[in-house]
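So the protein sequences, as listed, match chains G and A. Mind the numbering: the first sequence is residues 96 to 391 in the numbering used here, read in order. Mind the numbering: the second sequence is residues 291 to 644 in the numbering used here, read in order.
For the record, the hints were derived by calculation from the structure and aren't laboratory data. Each hint should be verified, as a subset may be incorrect.
Here chain A is said to cover these stretches of chain G; the calculated rule only asks that three of the stretch's residues, wherever they fall, bring their Cβ under 8 Å from a Cβ of chain A [unchecked claim]: (1) 288-298; (2) 301-308.
Label-pair restraints from in silico Cβ distances [as the list claims (entries may be wrong)]: (3) Val-335(G) - Pro-367(A): 38 to 48 Å; (4) Ile-124(G) - Val-474(A): 54 to 64 Å; (5) His-354(A) - Asp-289(G): 24 to 34 Å; (6) Phe-304(A) - Leu-218(G): 19 to 29 Å; (7) Leu-187(G) - Asp-306(A): 31 to 41 Å; (8) Leu-218(G) - Gly-320(A): 48 to 58 Å; (9) Phe-200(G) - Asp-484(A): 34 to 44 Å; (10) Pro-367(A) - Ala-233(G): 50 to 60 Å; (11) Val-469(A) - Glu-108(G): 22 to 32 Å.
Quick reminder that beta carbons are idealized off the backbone N, C-alpha and C, glycines included.
For reference, the chains in residue letters:
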Amino acid sequence: MSPDAIVESARPELETAARKAEARRGFFIALPAWAYLMVFFLVPLVIVFVYSFATRSSTGRTVLEGWNLDSYRRLFDPLVFDIFRRSFVLALITTVICLAVSYPFAYYIATRGPRVRNVLLVLVMIPFWSNFLVRTYAWKVLLGSDGPLSQLAQAMGGEPIRLLFTNTAVLIGLVYGFLPFMVLPLYAALERMDWSLVEAARDLYASGWQAFRRVTWPLSRPGVIAGSILVFIPALGAYVTPAILGGATDVLIGDYIVSQFLAARNQPFGAALSFGIMVVMLAGTVIYFRSGAKNA
Amino acid sequence: MRVAVEMQDVSKAFGDVHAVNDLNLAIEDGEFFSLLGPSGCGKTTTLRMIAGFEFPTSGSLKIHGVEMGLLPPNKRPVNTVFQSYALFPHMNVAENVGFGLRMKDVGKTEAEQRVKRALDMVQLSDRAEASSSQLSGGQQQRVALARALVNEPEVLLLDEPLGALDLKLRQAMQVELKVLQERVGITFIYVTHDQEEALTMSDRIGVMSGGRLLQVGTPEEIYERPSSRFVADFIGEINLLPASVVDHHSVRLLGGLVVKAETGAAAGQDVTMAVRPERLELYGPSEHIPDGLNRVEGSVIRRIYYGDVFYYEVDTPAGVVEVKEENRPGVELFHTADRVVVGWDQAATIVVAN
């Protein structure tokens, strides 16, 4: 028997064994993450899911019997729908503004030399070094009617600026908070760009704008999609920013869910709201990814 | 002949780095012109200036008599085949080829016909719907070529287009490119560091080094009559022997041997005598050597078998020389330590300044 033939005959078992060993290794590497997600993500999710079918007693306690769909039915209440629509529009505007601001900036970073690039990236991440709550309170001071913005307007002979406790203030806060989540994926996409493709487009009679529209933009689509999802989803369910900068009248979905769990003591409805928003986000994300995959 | 590209005193500096210095060059219509040189010699920068990706720091660059100045690439009558091909990954082959026509607002029917013709020309009609990532390197290269040629540019710029292909394919594409160029009659400006590519394809070659154009000429002129030590050394293989000028017709080699050569330099000047290995002939000590040949005695250090040729290294008083002998039946073989005479024709002797 030649050595080749020996290797040939031994191959199937060896390959199966190697594949099994590889799978085992993969399992052990992923085990901590697995365990963590099971305990702290899946279990609470199941609890919320179960609660959403439960009944609220007259005293505000959750009774784990008499399973029903009442809470889900309430999701289609015009009042709830209104809150949801308002949150959706605000998250959408936040995403669009973040994209409009971040794209040129990410483009600028990606086209700098390595040193300037690193400095700019650190600048993008600096806000993460301090607490989000503290930073949002800082915005409260900035936007307040006796804050620096307002004082400047008054010094120039204008009216005091009344931004705080409006949806505009919430929007400013959200854009500020989520900007890095848009900049970083866009930067990653643009940094990977093969710039000779842009040169090729220019060489083939495309103007600067046409080269951007036909080559740079479609090739940076994965970054646009990732960034938009990273901004839109947390913006839709945002709680801290609207709670601090927003007004009492224009309730948003995050705030509303919290109020169901705390003030209204209606845990089944709060749970149903949470699940409703999850389903909508999941569906939206899938559609968005699909459309992006087709066009990119 | 009309001049396709004319460069006068063109220089390009990137900060303190002078990539191109005082380049003067006129490339004629319909010519296959190669810019040849080692990496960093300024050949790619020169090409990029013609394309409009870089602008000269000083000097004038004209295409068919029109000053290009700061005209952007999309306003120039040239197209480029990029080293990396730069095919758009989000478009299929036909869309890639049709991109330039689309940007120029060529009508849909005409554009489709021209794309089809261009793909026929590079024998890829059956891959029109394929995405560029599904193509082999050679096919991508041909798509890049079709994408440029479909626009019927006045000048086609090629930046080492065969660099990424393997040897066999590269050699096949060399012939294909040359045939294509003759058929379409467009001026090709071809940048390469591969001297064989330049020699086999070009009508004329410009050899560059350190941002300067050292010599411009036909492949024969460049190979047979290099004007400088650098060009002699860069193109092909060559023996370079230190020498000093005796008079207009002879130089003295190390060891005191005087050989015949056209010098054109002042007596006593230190120069380099250059001669190609294939122009040298080996003779046995008792063999008759034709009259009039330059000759130098030596002994064989080693013989290397290359299949089609033998390489001999011969130790002579003038220095170690390489001799290339064809592997023909009946050719006399020499062995290590054999005494030999190296002979060569005066016409094959090149004298260049140091």
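**Prompt:** When the hints from earlier in the document are held up against this structure, which numbers fail?
**Reply:** Checked against the structure, the hints that fail are numbers 3, 7, 11, while the rest are satisfied.
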